[in-house]
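Each chain, letter by letter, is given below.
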Amino acid sequence: MSVLSEFTKGLWKEVPPFRLVLGLCPTLAVTTAAKNGLGMGLATTFVLVCSNILVSLLRNVIPSKVRIAGFIVIIASFVVIVELVMQAYFYPLFKVLGIFIPLIVVNCIILGRAEAFASKNGLILSAADGLGMGIGFTMSLTFLGAVREWMGSGSVFGVPLAGPHFQPFAIMLKPPGAFLCLAVILAIMNLISAKRA
Amino acid sequence: MHEYWLLIVGAVFVNNIILARYLGNCPFFGVSNRMDTATGMAMAVVFVITLASCITWLVEKYVLAPFGLEYLETIAFILVIASLVQLVEMFLQKSVPALYRALGIYLPLITTNCAVLGVAVLCVEEDFNFIKTLVFAFASAVGYGMALIMLTGIRERILVAPVPKHLQGLPVGLISGGLLALAFLGFLGMV
Amino acid sequence: MLSAILAIGGLGFVAGVGLAAASKIFYVYVDPLIVAVEEALPGANCGGCGFPGCSGAAEAIATGKAPPTICVGGGPATHAKVASILGIEIKEVEPEIARPGCYYGPQEADLKYIYDGLNDCRAAMLLGGGAKECPVGCLGLGSCVKACPFGALSMGEDGLPRVNASLCTGCGTCERVCPKHIITLTSNSRRVTQEYTLDQCSAPCQRTCPAGIDIPAYIDAAGRGDYLEAVRIIKEKNPFPLVCGRICVHPCENECRRNLLDEPVAINPIKRFVADFEMKSGSRIPIEKAPPTGKRIAVIGGGAEGLTAAFFLARLGHEPTVYEGKPHLGGLLRTIIPDSRLPKDVLDWEIQGILETGVTAHTNTKLGRDVAIGDLLQEGYDAVFVATGGWDSQMSEGLPTEPYQMLPGVHLLVHLSFAHMAGKAPQLAGDAMIVGCGNASIDAAHLLKTLGAQHVHVVFRGSRQESPFTDEELQAAEAQGITFHFRSAITRMFGRAGDLTHVEVASLEKYVPGQTLQQLHEQAALQHIPVQTLVTGAGRFPELIYAPVYEQRGEGDQQELVRTDHWETVVPYAGPFAEEDVGIFRPGEATTDYKAVVEAIGAGRRGAASVHKRLMGEEVAAPPGMIRRSTRVLTVDTLEPLSPQPREKMPALSPVEQMANPEAEVELGFSEEQVRREAQRCLRCGLICYRRPLQEPESLAKSA
Amino acid sequence: MRDLIKMVVVLTAICGTSGLVLSYVNEATKAPREYQLLKFVKGPSLKVVLPEGYDNDPITDKIQVKLGTDEKGQPILKDVFPAKKDGKIVAFAYDATASGYHGPVSLMIGFAPDGTLTGVSVMTHSETPGLGARITEPAFTRQFAKLKGLDQVKLSTQGGRIDAVSGATISSTAAVTAVQEAIKLFPKIKEEVL
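Protein chains in written order, with full-length UniProt numbering: chain A, 1 to 197; chain B, 1 to 191; chain C, 1 to 704; chain D, 1 to 194.
Read the hints as simulated data drawn from the structure, not as lab findings.
Each hint should be verified, as a subset may be incorrect.
Stated by the list, open to error - Listed next, with one range per pair, are the computed distances between beta-carbon atoms: (1) Ser-154/C <-> Val-159/A: 39 to 47 Å; (2) Ala-31/D <-> Ile-124/A: 34 to 42 Å; (3) Asp-57/D <-> Leu-188/B: 33 to 41 Å.
What the hints assert, rightly or not - Residues of chain A clear of chain C, computed beta-carbon distances all greater than 12 Å: (4) Leu-4; (5) Phe-7; (6) Thr-8; (7) Lys-9; (8) Leu-11; (9) Val-15; (10) Lys-35; (11) Ile-53; (12) Leu-58; (13) Arg-59; (14) Ala-88; (15) Gly-154; (16) Leu-161; (17) Gly-163; (18) Phe-166; (19) Ala-183.
Claimed, not checked - Here are the simulated DSSO-like cross-link-like pairs (lysine-lysine), alpha carbons at most 30 Å apart as the crow flies: (20) Lys-35/A <-> Lys-47/D; (21) Lys-72/D <-> Lys-190/D; (22) Lys-24/C <-> Lys-120/A; (23) Lys-132/B <-> Lys-174/A; (24) Lys-95/A <-> Lys-78/D; (25) Lys-30/D <-> Lys-95/A; (26) Lys-13/A <-> Lys-146/C; (27) Lys-195/A <-> Lys-165/B; (28) Lys-84/D <-> Lys-30/D; (29) Lys-9/A <-> Lys-81/C.
Heads up, the beta-carbon is just placed ideally off N, CA and C, and yes, glycines get one too.
Here chain A stands alone, though its shape is the one from the complex (with noise of 0.2 Å):
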């Protein structure tokens, strides 16, 4: 249970999207493009840190009727935070995100954080789990952002990759191409997964 173990797990053995399966909806919307995941990614790691330490030092006050709601607003409060800094220095962004930035708020990687681990541990250990977690569901985002915006657009973080000749797979943009694209890495990770074992 060393702080190093609980930052290390989120980034392959337990990586949210990938491998918890968990926090799928801004996975799938966001990610048409690397830059859009990566900002996703690190709004949702802020608002996962912030509310596991608060989470943490608040877990012997609020009762466990309440909890539930008394969790959200924290991380509800998080969010709006994340979502006025936002719009204030990252306008573009934000437009692209959406109605995905108030979503943050119901993650299940937050909110399942905050329940499992958060109100039970201890602040230092709470965030190195949050930290943890939120690099690994930035990178996961980030990867199928670039992956996506390589085949859908032939570029990554708009650096064009893919020569002049290449026809775009517009479908890769769309939902069905966010799903398939999910699924092939799903697949590539459980065969890397037999592979090790």
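Take the given structure of chain A and dock chains B, C and D to it, following the hints.
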């Protein structure tokens, strides 16, 4: 009337809340393994989305907007939804035990179903009136239930199909969802 | 700013008040116990407990409708947690584990057709019961693997499921989904009480073994060099591998499929080698035992059968105590087998091992002289199992002229008539019954009348036409107060303390061999005949279980079972070699003697299984579908070309050496290399499969 | 009962605190948020409708013009975005809205100080894709440049110099109407701005 038909067809098919708007994906893949749980979840979602959207609309209109507090939408809505779900759960358990047994176990899952908050926020963003909010929320939820039940039907059949080992389970479920979404893409431009 | 605080704070206030009020208004009493129990359960909703999910199970546990141990998925840790919530102690539950019962995957087995349909055993099963020729072969499509809620199963390269023992919780999901019932749960108790049935794979040798040892499995283990595993497999059916390895008549080798090719596998010498290996290692392998049941059982007779019964009763979690009339345990193994075949120190080591599994033994304590069945039951034994041995062991004590009564009210005709000649016969009172005396029945009846019996019943297994008596003789006898029961069998005896009170006689008119006692009860009237004396023409006492009768007292919820001083007898179910299965004195087994120690061992194990079933409240009967001598079993009568390989020769002392040292053991046992070579000869047979060169797909297609 | 009170108090306290913090954050980010909103919603249109060669940021320098009061007495304000060169206003732009086929059509209209249109750009609309939506295309909007006065800014069918997008008369009319509205406001705004 015409307007409402468009709203309904748009919410159920064209902008299907899961397959086109990517809302509520976790339970979409989580409970689509068995038909009875999927049906139960679908019913519970229809109920909660409709109720929650109406109440959040009232909150927005009569609490937030008059004071210029629209920026607190997220926190107010989620608070309302979480409390509402819990209230409904308690109410059903006491008053309609039969319904509680059928739907009750899915209710806690719904709090974190982003479709609920998502539809509530959409209604406010689109500046619907109360009736439109009611219709849109109900239609969206029906679209959700329909997609969930369709995917469950597919996944139940896939269970006995020879799926390559590493695709078994969620990956093939995602592919099924993707093909379903591809089919729904055909509705684009209908409204 | 104030408006924001007020709005959100107000919403929070309203929500809080709303929830608080709702939790009062809509308060539904949920037993906190149920909630606590449910939290302790794993939540996998596997259904292994038989309730709809964990919440259903929690409710059942909390309301006392189910024991805290029903959660098979959670295992002991969960049981302990649940029990501590309920505040009760738990009884340990025997761990179970899934075991696939097929050894040849679809690539190696004979197929009826090539299956290319839905990837599911249940679907494949619909097509003529699956692609395999063998009716009990694994279809290899992995329905069990997919069903396992704990990920304990995987599909091997050979197309057979593999169990990861550390993950298997014994929930039984695989057993329920397997359409062929190939993969089953198995525990120590299930294995030691197992009989071979038609719906499982068995090799000819193991079906022929009177003890029922899983021969292919132990030879396989020996061939791998895992000798102790081989011993463990043998001891699930036979606690005497050292003894049997030396003196067994090994009927198994007669049935060995290798006979079709060259010579049978040296099954018994391999057993001897592995048993010797254990002995030479100086320590004994640990014997798996079921959790203690707290039941005490007296076993009468310390011979091979009694010790076997005691050994298996101990393995089933009971507390057996052996009563032996002679100063030493071992019975005929000690008295009539010469040292040159079975050295005494080997026998002693073997018996010591049996005692160490938890068997108490009292020697020099003879039934009827030092101890009586009524007294043993009075003392609190939950059952008395009588394994007094064959006529030869009776005779080895000489003919008693002062007969002591071993079983309450039961006499051997031969003892009674010798005592009568010596003028020391006991005075009889009340009615008497005679069974199995054949031609001497009427004379015996007269003898009983002379000794004071009022009315005499004669029970014949055969019909009136088959009896050796003429109608006149019968009429004359009946006139003298002798009643005949033709085509009848004694099924039970009843008594109180040390006395026989009455006997249950069943008509066999409608009996079909193979039926159980219960089935017989359903179609034939049972007569309860009050008699105080039962005389048998057999040379020995049958195996019998004496068990106390419980009475239900009190009314409604206050009902409880109270033990009385009445008893009844239970007949152990007959093994595969009995001709008929009902009645205390049944032909083919109980009225003859065991020609070989391995038969006595088989009877001892079945006796233990019968006692166990009785104590657990189950019907004492052979498992349905048990393969009997008369059962037709699918097998093969020719082998595909295989290269012959001569059987290893048993090293033995030369005649000269034998003369020089008559006490020395003659057969020396295989060397390790011989065992390895010999084990390779085993074809590892199944029902119709056996080890053979892999067929090429083309030749398979041609043969199809 | 104690439990219930604690429940209410804790929840109210959390919510209240959250309201406090959020309203502070709201205030703190208000200015940059408004700036960003204008920059990204109106910025691209401004770039199109204002003539090249100005050296200021029209959004930072925006001027709020009071056009009158509504029925409640609240002032009606209009944002006017001036383009300056060397501190002198060379052009300015503001938006105007009219009803289209599917809802409001909102345009940004640029004026030179003499009232000549410097450019027109459609900011938001919800017209039918492929038909009404073609009013956003330069082929349509380009026609407005260099026109002056209500007489010229009319559909050609009504004697003006604007050709409607074929098959989308209503959308085209909406765009033209919006521009006309803007032109009507021009004198008053010019007075305030210059």
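How the hints compare with the structure:
no., hint, verdict
1, Ser-154/C <-> Val-159/A: 39 to 47 Å, "holds (44 Å)"
2, Ala-31/D <-> Ile-124/A: 34 to 42 Å, "holds (37 Å)"
3, Asp-57/D <-> Leu-188/B: 33 to 41 Å, "holds (39 Å)"
4, Leu-4, "holds (28 Å)"
5, Phe-7, "holds (27 Å)"
6, Thr-8, "holds (24 Å)"
7, Lys-9, "holds (20 Å)"
8, Leu-11, "holds (24 Å)"
9, Val-15, "holds (20 Å)"
10, Lys-35, "holds (32 Å)"
11, Ile-53, "holds (21 Å)"
12, Leu-58, "holds (14 Å)"
13, Arg-59, "holds (18 Å)"
14, Ala-88, "holds (17 Å)"
15, Gly-154, "holds (39 Å)"
16, Leu-161, "holds (40 Å)"
17, Gly-163, "holds (41 Å)"
18, Phe-166, "holds (38 Å)"
19, Ala-183, "holds (19 Å)"
20, Lys-35/A <-> Lys-47/D, "holds (25 Å)"
21, Lys-72/D <-> Lys-190/D, "holds (26 Å)"
22, Lys-24/C <-> Lys-120/A, "holds (28 Å)"
23, Lys-132/B <-> Lys-174/A, "holds (27 Å)"
24, Lys-95/A <-> Lys-78/D, "holds (24 Å)"
25, Lys-30/D <-> Lys-95/A, "holds (17 Å)"
26, Lys-13/A <-> Lys-146/C, "holds (23 Å)"
27, Lys-195/A <-> Lys-165/B, "holds (13 Å)"
28, Lys-84/D <-> Lys-30/D, "holds (26 Å)"
29, Lys-9/A <-> Lys-81/C, "holds (28 Å)"
In summary, the structure agrees with every hint in the numbered list given earlier.
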